[in-house]
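Assemble the whole structure, with the sequences as input and the hints as a guide.
First to last, the sequence lines map onto chains C and Y. If you read the first sequence in this note's numbering, its first letter stands for residue 2, the second for the next number, and so on. If you read the second sequence in this note's numbering, its first letter stands for residue 692, the second for the next number, and so on.
Incorrect hints may have been included.
[Claimed, not checked] Some but not every residue of chain Y turned toward chain C, in silico, with C-beta under 7 Å:
#, residue
1, P1059
2, P1541
3, C1543
4, Y1544
5, D1545
6, M1565
7, Y1567
[Stated by the list, open to error] In silico lysine to any residue, SDA-like type, Cα no more than 25 Å apart, as pairs:
#, chain 1, residue 1, chain 2, residue 2
8, C, K13, Y, N1537
9, C, K142, C, A101
10, Y, K1437, C, P6
11, C, K71, Y, D1430
12, C, K9, Y, V1548
13, C, K71, Y, K1439
14, C, K71, Y, V1582
15, C, K9, Y, D1430
16, C, K97, Y, N1537
17, C, K29, C, D39
18, Y, K986, Y, L975
19, Y, K1439, C, P70
[Stated by the list, open to error] Pair ranges (Cβ atoms, derived):
#, chain 1, residue 1, chain 2, residue 2, range
20, Y, D1545, C, K95, 25 to 31 Å
21, C, D39, Y, E1796, 44 to 50 Å
22, Y, R1795, C, Q130, 48 to 54 Å
23, Y, S1446, C, D39, 33 to 39 Å
24, C, Q130, Y, S1799, 53 to 59 Å
If you're looking for bench data, these hints aren't it; they were derived computationally from the structure. Beta carbons: idealized from backbone N, C-alpha and C, even for Gly.
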Amino acid sequence: MATPPLPKRIIKETERLIADAVPGINAKPHEENLRYFDVDITGPEQSPFEGGVFKLELFLPEEYPMSPPKVRFLTKIYHPNIDKLGRICLDILKDKWSPALQIRTVLLSIQALLSAPNPDDPLANDVAQHWKDNEQEAIAKAREWTQTYAERKMSKIGI
Amino acid sequence: MAYDFGNNFYSNGESSSSSNSSFLDTFPGDNRNFEFSTDINLRELQSIVGSEVSLPVLENLWNASSGNLEKAINSYFDNNMNKENLDMNTPTTPRRNVKSTNYHSPEIEVSRKKARKHIARDWERKYLGSIVVSGQSTIMGENVINFKEKITFESQVYYQKPIRGRKRSKLQSCWQHTVLKFKSTDGTQLGIINDSKISFMVSNLIDAGVCEFEGQILLVGNDNCGEKIEYNDEMYIEMKIYILHAAFSREPIFTISRENNKHISSGPGSVADHKANDRKIALLSAFEQCVMKAKQSSVLTQEHKLAGTLDAEKIEEHFQNEEWTGFKSASSIQQSLFPSNNEEGPSINDQQLNALYEKAQMADMNIPEAEPPAHTFLYSLRRYQKQALHWMLSKEMLDPDQLTPTSLHPLWEEYEFPVQINHETGEIIDDGFSNKLFYFNPYTGELSLDFQKVDQCRGGILADEMGLGKTIEILSLIHSVKYPTIDPNQVDVDLNQVDVVDLTEDVKPSTIRPVSLSTYEAYPAIKTTLIVCPMSLLSQWRDEVYNVSAQDTMTVEVYYGKKRNWDLKAIRARRADLPDVLVTTYGVLMSEFSDEENKPTTSPLFNVEFLRVVLDEAHVIKSRSTKTAKACYSLRAERRWALTGTPIQNRLEDIFSLVHFLRHEPWSNFQFWKKFIQNPFDKKDIRALGVVQGVLEPLVLRRTKNMRDINGQPIIDLPSKEVEIEYLEFSPEEQDIYDSIYTHSKTKFNYYVKSGSILSHYAHIFQLLVRLRQVCDHPILAISKHTIINEDDEEGVNESAFDEEGNLNIDHLIERFMTNYGERGNSANYQIEMLEKLKYGEDFSNRECPICYDNLVNGVLMPCMHSACRQCIMEYFQNQELLGKSGQCPVCRRGPITENDLLDINKKNDEKAASSNTNDENNDMSTFDESDANLKLSAKLGALLRRLNNLRQDNKMTEKCVIFSQFTSMLDLIGDVLTKENFSFVRLDGTQQQTDRERVLKDFKKPGIDIILISLRAGGVGLNLTAASRAFLMDPWWNSSIEDQAVDRVHRIGQKREVRVTRFIIKNSIEEKMLSIQKRKNAIACGLGMSKDELKAHRIEDLRELFS
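This is the structure we're talking about:
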């Protein structure tokens, strides 16, 4: 089964991601499929996700960069813009995608989303409602989830 | 009772002309009959001499003339000639008897003729035939039937609604509810006819006043031989059918539909339509019953009859499917509401086309020749051109009342009145009238006593193939009929020796002027022939007029440009010296037509009556709804000509426009055309072609180059023409570019196919194709912005970003951005920084594209000064478009940006590289090494140059060359190369003004100019390029006929050398696919050249092939 050659762009992006890593973000392509990335994002400081390391998967579809990459949280996270399945509500992953964006910018945006949850544009309705009704309580729950599901992964950072 | 009257009168008429065989003489002993006859005769006498004459007086008259009607009438009139109460409006038939004795003086004869139109008729009725029908008795008793008695028929229609509503055919309902009774002379009903077909026929013909019927009971089908009759006994009746004169003098039934713009089927089931239809069916059935066969009938009508289309029964079904019956289908209603929807009928294929022309060509060989006036017309015509002159003269000279008819109108049939034979004597009953023939239109039911010839307008379609010299032929006509006599009585001119009324010095123009201007004050008729032609031919016409005319024998003016020297005032003032020929263009005509619509009676073109209007390349007006076509229709002229090598380009309807222009009745009426030609043709009824043949035959003269004259000699002797295709291969660099653009285009196309949006992206697909074809010429064409069709040309910003040579004008850009975005802080700074870099020639080729992360390939700048590869950014825009979004900068999201906003960065560098190359002064081929990074020479350019250099070496450029391309940018490139290679050339393209074109064409004829570059579309028509004998077609066109036309500019009359044509085709490219499409004769042109949705659908398959 002949796979089409990897576009130069993807090769370059991958090289640059590795050579010039973003603090708190780690992305590594699968060896058998260079379009599929394992991603770890460190929870931003002063956010309920601080101290957690969140695992994501990122896939560059055939149309990339004309189509956005597909990104999903694998680690459970309590966040109004991320649903139970880990799907992310982020405009640049949808209609605001531009081919000038890249894996790096996408991951940075996700990191920023962790810093600034936006319950007004929710993906997980119950979480968003919780955030709106009682932000303190919601943040506490997010912190709890981070500790429960994300903290143990700490040791794996820094490869 | 009126029938009895007629019959008896008839008998008497016979008795007076052939004395001894009168009705009365035959039955002298039959008292009852005698009395009856007397009574009748008295009544008739009364009706002749006037009702105010009392019966006793009449009786005296009758007796005094011993029972002779004629004598009685004569004696009455002898005594009463001066009486005022002579009522001229009484039925006048008997007057023919009277006239033989009294009205023999020639003066009276004349006055009688005059009066004839109003009162007198030749005859009352004519015998059509007799049939035997069966009926059933409705009486009983003994001796109730007199077998010698004439019986009359009377119909009674019971208008009961058919049980199942309106779905039943009209005919059926009539049959069921029409009862045809027959009565004895005293009014007793004897029985009814039970044959529903007969009763339908008889009752309708009686109702319509077309026929009269009279009968005689032959036999009663019972055992008592008719002596005793029971109810429902079968009776056999001889029925004589007479057609009334009145049926012929009626207003043509079709008039309304023909004249009005209203559609033939006005309103559902209009009563008049039904009546006309019933009448027609009844007539057809009567003819059938009488076994009358048309003496003359068009092939078409015969076929229709064979096929049963006209059969009385089937015709009803036939029309059930059409609008006539009033049960319109939704689509037909729509059609009549939006008639323009019908404009694109199925296109006509070559075979059909040939069949169409065949008939028009058949008779052409035998046309006599006519000589143009040798003292004014300087050219000597070829034989076939003389034939054309003769034909045109005869078309123009046509006398409307010409007595020798040539062609029967295709919709009419000629019948002969049957001869009536007296059963008793076996003699032929001659009514003494000369009318032997009558005419019947089986389509409309119209009857006429006059020959229905194919209406001939003054003019026609001169459709000789290109290069046969249509121009010369028309000019010879203009010379031959410079000042025609308008009086139709003077048309008796021997066409072989046309005596031209000529304007020589010793005759004052004013005395010759044939038309009295005062009669046409609103539209002064002038002697001028107006020639309308495409702009490129303007000067050629003018020059030809000068060339063919002896000095001062013909004046010509050009009506074109801003300063048009004609206006109505001037025309009136200049009566004497108006030019013989006025040449103008379709464009001028159209624009003046528009003006005329707004401000009537201003344009001189539309407010005079020209002697003659000639449309050159008349297929320009093939779409009747275009403004140009309408403008042409509006021209006033006594004679009209259409010149075209291709009267039908794609659709049958193309020719309609010409016929309409020629005012060739009745075909020039679109409804008529549609009904009898277009609709049948659309329904794939090939017989429509037969009708068209009949229409075209008298109207079209068409000869082709390979036709031979009567002696088997080719009518023209052109040097041979050799067309070769040179297949070329891309250089690797070109191949790369082609492949990438091809893949890109194919991806898009496939996307459109998948998303089912081919049709909505048609323009874009077309653009993709253009791009691919351009790459085949030279990759730079596809890259350069110029060649891209500007979709929205707002602000004109894009033009001004380039200077005249097409280079990026950076100073201008800086200026623009300073004003537009000056206040935008950082981004503005960035832009200015970029512009500065551009200005100082920073090499952008090392920049990375934000999309593909590679170095810029064909980099473009967006208005925000972000750059990207053209291909990448276009792909992005395309994506956005599919998502329903406008294009924007992928980096800063500024937008909307369209393709037109993109500025080519590399352009500047290319130009630089090019100019540095030219500085390498040496002109040898190495400069154009194909591996040159700039691709200065594409495969095609290289091949062309090689050919030209060979020509130069071999024969020192004694042969001139024509180089055609569709892309002016390609002509630019060729021009550059030719200049470098020291070839002398001129160039003709669509952007040039008329004067420039004239100069170019003149220059090309001079020695020293070896090559002319012509854009295919600009030079396709009309041009005369016989100075050249080599032609190079750089790129193929969708429709090979366009290419043929171009080549025929070289290979036409006047060409002395063998013509060699080379077509360059890139192997394995879109061009090769185009060739195969061309070969399939599936001319994609009409699909791609136009933008009508319907045709597009048919072309998707072609597109698929292109991207396969």
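Here's how the hints hold up against the structure:
For P1059 (chain Y), the suggested interface contact is broken, since its CB lies about 74 Å from the closest CB of chain C, more than 7 Å. Annotation: P1541 (chain Y) was flagged as interfacial toward chain C, and the flag holds, the nearest CB pair being 4 Å apart, inside 7 Å. For C1543 (chain Y), the shortest C-beta to C-beta distance to chain C is roughly 5 Å, which falls under 7 Å, so the interface hint holds. With its C-beta approaching chain C no nearer than about 4 Å, Y1544 (chain Y) sits inside the 7 Å limit, and its interface hint holds.
Because the beta carbon of D1545 (chain Y) sits about 5 Å from the nearest beta carbon in chain C, less than 7 Å, this interface hint is met. The beta carbon of M1565 (chain Y) comes no nearer than 11 Å to any beta carbon in chain C, farther than 7 Å, and the hint placing it at the interface is violated. Interface restraint check: Y1567 (chain Y) against chain C, minimum CB-CB distance 5 Å, threshold 7 Å, status holds. With a CA separation close to 15 Å, the supplied pair K13 (chain C) and N1537 (chain Y) stays within the 25 Å bound.
Taking the CA atoms of K142 (chain C) and A101 (chain C), the gap is near 36 Å; set against the 25 Å cutoff, the hint is violated. With a CA separation close to 19 Å, the supplied pair K1437 (chain Y) and P6 (chain C) stays within the 25 Å bound. In summary, the hint linking K71 (chain C) to D1430 (chain Y) is not supported, as the alpha carbons are separated by about 30 Å, beyond the 25 Å threshold. Restraint check for K9 (chain C) and V1548 (chain Y): the C-alpha separation of about 14 Å stays at or below 25 Å, so the hint holds.
For the proposed pair K71 (chain C) and K1439 (chain Y), the alpha carbon gap of about 23 Å is at most 25 Å, so the pair holds. As the CA atoms of K71 (chain C) and V1582 (chain Y) are separated by approximately 20 Å, the hinted pair is consistent with the 25 Å bound. Restraint check for K9 (chain C) and D1430 (chain Y): satisfied, since their Cα atoms lie roughly 18 Å apart, inside the 25 Å limit. About 28 Å separates the Cα atoms of K97 (chain C) and N1537 (chain Y), which puts this hinted pair outside 25 Å; it is violated.
For the hint linking K29 (chain C) to D39 (chain C), the alpha-carbon distance of about 5 Å falls within 25 Å, and the restraint holds. Pair hint K986 (chain Y) plus L975 (chain Y) holds up; C-alpha atoms about 15 Å apart against a cutoff of 25 Å. A C-alpha spacing of about 21 Å is found between K1439 (chain Y) and P70 (chain C), which places the hinted pair at or below 25 Å, so the restraint holds. The beta-carbon spacing between D1545 (chain Y) and K95 (chain C), approximately 27 Å, falls within the hinted interval of 25 to 31 Å.
D39 (chain C) and E1796 (chain Y) have their C-beta atoms about 46 Å apart, which keeps the hinted 44 to 50 Å range intact. Distance hint for R1795 (chain Y) and Q130 (chain C): a CB-CB separation of about 53 Å, consistent with the stated range 48 to 54 Å. The hinted window of 33 to 39 Å between S1446 (chain Y) and D39 (chain C) holds, with their beta carbons roughly 34 Å apart. For Q130 (chain C) and S1799 (chain Y), the hinted distance range of 53 to 59 Å is satisfied, since their beta carbons lie about 56 Å from each other.
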